[in-house]
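Protein chains in written order, with the working numbering: chain A, 1 to 245; chain B, 1001 to 1168.
Since the hints were derived computationally from the structure, they do not count as laboratory data.
No residue lacks a Cβ here, since even glycine has one placed at the ideal position from N, Cα and C.
Please note that a few of the clues may not be correct.
[To be verified] Computed from the model, here is a short list of chain B residues facing chain A with C-beta under 10 Å:
1. Q1034
2. G1035
3. G1059
4. G1062
5. E1069
6. W1104
[Said to hold, decoys possible] With a straight-line cut-off of 20 Å between C-alpha atoms, the simulated EDC-like cross-links for lysine to aspartate or glutamate are:
7. K1118/B x D65/A
8. K1118/B x E1087/B
9. K1118/B x E62/A
10. K64/A x E1087/B
11. K1101/B x D65/A
12. K1063/B x E135/A
13. K67/A x E1087/B
14. K1082/B x E1053/B
15. K1101/B x E1083/B
16. K1063/B x E1021/B
17. K1101/B x E1021/B
18. K1063/B x E134/A
19. K1118/B x D95/A
20. K64/A x D96/A
21. K1101/B x E1087/B
22. K69/A x D97/A
23. K69/A x E1116/B
24. K1118/B x D97/A
25. K69/A x D96/A
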Amino acid sequence: MSIIRLDSTPLNSLQNYTMNLSILPLLAAIKYSTAAADADQITTLTCFDQSGYDLSESTTTEFKDGKYKINLSWSHVPDIVKCPGPPTPCLVQFDDDTIARSGLHSVSIDFICGHPGFGFMVPHYDVHWYLISEEERALMTCEVGNYGPVGYYNFCAYPMHILCIFFVHISYALFTNISLCLYQLYSTYYQACNVPSEEYEQPTPEGAVSYQSILLYLLSSSTHFAHMIMICSTLLRHSLKWILK
Amino acid sequence: MDTEVVDDNGTVKEIMLNMPEGFVCGMTSAIPQQGLHCSVPADEPATPSEWTEPAFIMGSYGKGPVFVEPMGDLGFVTTDGKEWEMEPVYVGQTISTLPSKLTWSTNDGVTTVTVEGKANDMEYEVEDGVESEAEEDPVMTESTSDARATKVSTVVLAGFFAVIMVGN
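Only chain A is shown next, with the shape it has when bound in the complex (with noise of 0.2 Å):
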């Protein structure tokens, strides 16, 4: 028999684009039934939030011939997953045995509002399909170099990530007065940086944001200039872009 689980916790790889998930007290349920046809496995599952928001209508995994195939299903619901609002994450953690069969551990489904690059920068629906563990990813850590050749931007240059992205929003609201997503996008770069919550004003769903202190803790702490330098000539050649186009 299949076990398939849903964490009920915060996750890790959802914090990165969630701002508090200390106060989206995600409550998911889950419930599964399996079904055997032939000799093939088939497990199916269901999740909720505490809206009662059916987030995974039917999820099944499934081995024959030689194959696995997995099927993820939700459905869509505007009033719950809506910008600027929280995220609406869903993690199915697979069992031992279709990790070992199809190499896939997890799968979530991330509601995000927009993120980098600039054509993503609208609401949207990631599916990450993980092919390590959360106990590995949940290792991961900022040593130059893991995440690539040298040269690559590391854990430790994050800061000048959120910078990019706190402009690229800015300039894509200014030219076409959409809403932002600032209150989600906030603090959670923060938080992933490990940013001390005292070194920034905290966020608030009013709009409170003041980037001069966003820009300055940037500044004052960051010894990747020439990476901060590189972030906003990109900048600018995708504003100019957008602005001649």
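For this one, chain A is given, so just place chain B on it according to the hints.
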């Protein structure tokens, strides 16, 4: 091996192994718990309005793939009849179970994302709970690193001049 540098008619070319051809990892894309985000830059929509089909992303950390990720905008979860599929072909594939087909469809208000691939039935054996066959631990080539560092330096310099020019 995670990357490979080949001399293609005198051109140094970087290839990300276990990823589709043309995939590169965004230099500012590192996300905690996920790693770098990699894709074909030319395939990314230039603006949100140009994002009409799900995009395919892969994650990389520790010189190996972390995740495969289809991303779909709201139009692909709110419009019935939407269908999308892709069959990625991985360069230098060393992980046999990588998804060989991904689909995204929405019907009757329900969105379904599917991954399919070769099952590990023949290669996986369990002895006292230990896998008998381990995936190859990829290693980054030094030449790749140097090439990347050179590329970064060039971009940084260009960015610096761009900022100065705009500032003036």
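Evaluated hints:
no., hint, in the structure
1, Q1034, "holds (6 Å)"
2, G1035, "holds (6 Å)"
3, G1059, "holds (8 Å)"
4, G1062, "holds (6 Å)"
5, E1069, "holds (5 Å)"
6, W1104, "holds (8 Å)"
7, K1118/B x D65/A, "holds (9 Å)"
8, K1118/B x E1087/B, "holds (13 Å)"
9, K1118/B x E62/A, "holds (12 Å)"
10, K64/A x E1087/B, "holds (18 Å)"
11, K1101/B x D65/A, "holds (15 Å)"
12, K1063/B x E135/A, "holds (17 Å)"
13, K67/A x E1087/B, "holds (14 Å)"
14, K1082/B x E1053/B, "holds (9 Å)"
15, K1101/B x E1083/B, "holds (13 Å)"
16, K1063/B x E1021/B, "holds (16 Å)"
17, K1101/B x E1021/B, "holds (15 Å)"
18, K1063/B x E134/A, "holds (17 Å)"
19, K1118/B x D95/A, "holds (18 Å)"
20, K64/A x D96/A, "holds (17 Å)"
21, K1101/B x E1087/B, "holds (4 Å)"
22, K69/A x D97/A, "holds (13 Å)"
23, K69/A x E1116/B, "holds (4 Å)"
24, K1118/B x D97/A, "holds (14 Å)"
25, K69/A x D96/A, "holds (16 Å)"
Taken one by one, the earlier hints all hold for this structure without exception.
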